[in-house]
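**Q** The lines below spell out each chain.
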Amino acid sequence: MTAIANRYEFVLLFDVTNGNPNGDPDAGNLPRLDPETNQGLVTDVCLKRKIRNYVALEKEEEAGHAIYMQEKTVLNNQHKKAYDALGIKHEAKKLPKEQAKARELTGWMCNNFFDVRTFGAVMTTEVNSGQVRGPVQLAFASSIDPVVPMEVSITRMAVTNEKDLEKERTMGRKHIIPYGLYRVHGYVSAKLAERTGFSEDDLELLWRSLINMFEHDRSAARGEMSARKLIIFKHDHAMGNAPAHRLFDSVTVTRVEGEADTPARRFQDYAVTIDREAIPAGVSVNERL
Amino acid sequence: MSFGIRLHIWGERACFTRPELKTERFSYDVITPSAARGILEAIHWKPAIRWCVDRIHVLKPVRFESVRRNEVAGKLPAGTVSKGIKSGQIDEVHYFVDQNRQQRASTILRNVGYVIEAHFEFTARADDGDTPGKHLDIFNRRARQGQCFHMPCLGTREFPASFELIESDEQMPSVDDSLCGERDLGFMLHDIDFANGRTPRFYRARMHDGVIDVPPFAEALA
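From first to last, the protein sequence lines stand for chains A and B.
Per this note's numbering: the first sequence = residues 1 to 289.
Per this note's numbering: the second sequence = residues 1001 to 1222.
Next up, chain B with everything else stripped away, as it sits in the complex (with noise of 0.2 Å):
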């Protein structure tokens, strides 16, 4: 942990969908580990570096809300994007949203806070000029001025989050007293192994006082 950050993270909703229910997307409690990843790398990230989410405290007390709304039906077939580049005709590559409508509910958190603990290990793609001070202070320079790659979001980026650096000697924001003791939340999705055919691996989540600690990747159970 020499090189460790925090991030404060915070916004008015959000949706962590739960793997079994992504029809009509159900949200879990709290973030996953693998949304929070997601959002490290959308303000720094790079192919030498991986980010390991070490621990997650949650903020706020967990409410949710559900919203219905119009979804397509399908995604767009390659088979269709090559006819029409051969074809040279763009009229024939097209989608028609309300012959190919499904009206979806999703059941999503709101007004949600949390702060992710991690530090990021080295891969295979590292060289000689990837130092830790590298990439921390590239990372901490950004969080703290507001810098992001995109706009780091929520689970779907209709939900974005806002964000800001907690230093090092920073006080940790106040824990909602409703998230005192402890809570069980079941099996979570970890992240997903994409080395390994993108399977899901997923760990036993147990909040302490709103305070989630993450198992390393490699323990989490396929």
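This is chain A alone, in the form it adopts within the complex (with noise of 0.2 Å):
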């Protein structure tokens, strides 16, 4: 498998409806706010794990697609097919033993692990390289407009303890947003990629999960969330040909149905554009969604 030779950047945008994206462990579980704004933020590490998640999904069998941070739900026992048992061949410099055997320890586990080989990990090992950092970084994604969470309480026709018998039923509370539209930016290094062995086929599945990561990720919580817009910039280069944020600033979110102060509630009421006057040369702008 060889590594990707260019530089990307992507801006995914997703909407959540009548939903809680992410809930603010620190609040009760209230969907996370950013205090100054108070826009939604969905945190980074929470759309690593819905991608994690789609890829376990998709790649249950196959060699090489094996998930490291597991949880329980997607986790199936079957027999993974047999595998690579040796890491990348390195050039055969003298190294010291203990290097070696750290370069041997990730060069196995980025072969075998999507998420190793995307996002990176850490592994305790003597020897600094026993880090591996994956060519795929995510940011926050906070909400184009100020969100107004609701409470919703909700009751249920049961109790949990037979003390409480003669209440008939309990309340509970659900914490939701009814419409809120997301923006989050991430980079993919072609660097980096050379190092984990990140190849095309990575990189196609991570543009699937991207896009797919909220139809296998329903629950009561979560309402109903989707993946609305996935717009990919693509540079000639490995070293990339523009700053990121030129690229970023070329797209934008603006309100176009109803009044401007009023809240939105639907996809329909944002419109998203391209300046592509503004892309610089030798990047390539591709819309997957």
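Don't take every hint at face value.
Claimed, not checked - Result set (DSS-like, lysine-lysine): computed pairs, CA atoms no more than 25 Å apart in a straight line:
1) A/Lys-59 - B/Lys-1086
2) B/Lys-1022 - A/Lys-48
3) B/Lys-1075 - A/Lys-50
By construction, these hints were calculated from the structure, which means they are not laboratory data.
Once you've looked at the hints, go ahead and assemble the two chains, each given alone in its own frame, into the complex.
**A** Have a look at this one:
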């Protein structure tokens, strides 16, 4: 598997309707909010978890696509096929044994585990090369407009404990966001991909997982979540051809339907425009969704 | 200072973790020289050169925010991997995140902007082909075009850094008024001494009108 040879940046827009995209453990599982602007937040690790879960679902049997950071729910104990028993062949330099061993370990991990190859992992070895920095980097997602979480009280027609039998029912709470459109930026480094063996196929799988990760993450808490737009910037050069912030600035999301100060409730209330004039030479734009 | 560079970096969030507050991460008020060096290395670095940060210009007011996240409680033991290689079974190599979980808060910075002034020195691994002009040109060319080895980050990888080269004849970006005057930031991490068993070294950071002069690494306190 040859590693990718281009640098990429991507913008993913996803939305939530009547759900909680990412609860805040500090605030009793209320949807995360940016305290300064009241924009909704979704952390990078939340999205990475969903990518891992999607890959685990799609690649259940496939060698080289195991997921190291597992959740019980996606665990399948079926036999995985045989795999390449040894790591990447490094050029035979005179390395101390310790370091060579560490490289062998990381090489083996990268070959077998998709998430180590993509996001990296920290391994406790005495040598520093036990750390893998993955090529894919995600930032925090934040909503385009401020969101207002609602607290919804719900009842259950059953009780947990026998002593509460008199009560007949229990009350519970759900926190939801009526609607929020979120935007997240991501980066793929070709040079770090060389080191972990992150290939073109892996990249395609990453795009697929970004488009489909919410389709396999339905739950009572999430409401309706869906990926709405995936805009990929591909640089001709491995080091890149343009500053990332300039590419991100070319994608604007504006409110089109309804009054500007009223809350948005649908994706159609927004328009996404890409200023193709502003894209420098050597960068191609690909709308995957 | 015959070959200095100036790089403007900025971002939404940042976390330059204080070494004494690592479990529940707490950021320093400003970027450390070691994080600044890492950003320069993300753009251009070769074993022949060593970046030295000379000055840090703080452009935006210091503001904090707290984020609590689910994090894993452990690291992957190397022994597990060796066992996996030996037995040929990858089923044994896993980590159940929902069983080994810690919720940790991070106190991070919001809306940061800095200018890093730095130069590089040659290491023992430089040879005749390594001229100052060559590495300076490579760095300037890359920073000018937004090229990088990997996207630099503001302390941790989830906080990417946007960067722009400040040309030698260009004006400095303006400093926020709230940073005027003298501020003693106390002892801050200067950098890690990798030659001596990765010991941290510190320096006394003082900010004059948003500018912190960084002493040479050799003068930092072990």
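**Q** Compare the structure with each hint and give your call.
**A** Cross-check of the supplied hints:
| no. | hint | result |
| --- | --- | --- |
| 1 | A/Lys-59 - B/Lys-1086 | 24 Å, holds |
| 2 | B/Lys-1022 - A/Lys-48 | 23 Å, holds |
| 3 | B/Lys-1075 - A/Lys-50 | 21 Å, holds |
Checked against the numbered hints above, the structure breaks none of them.
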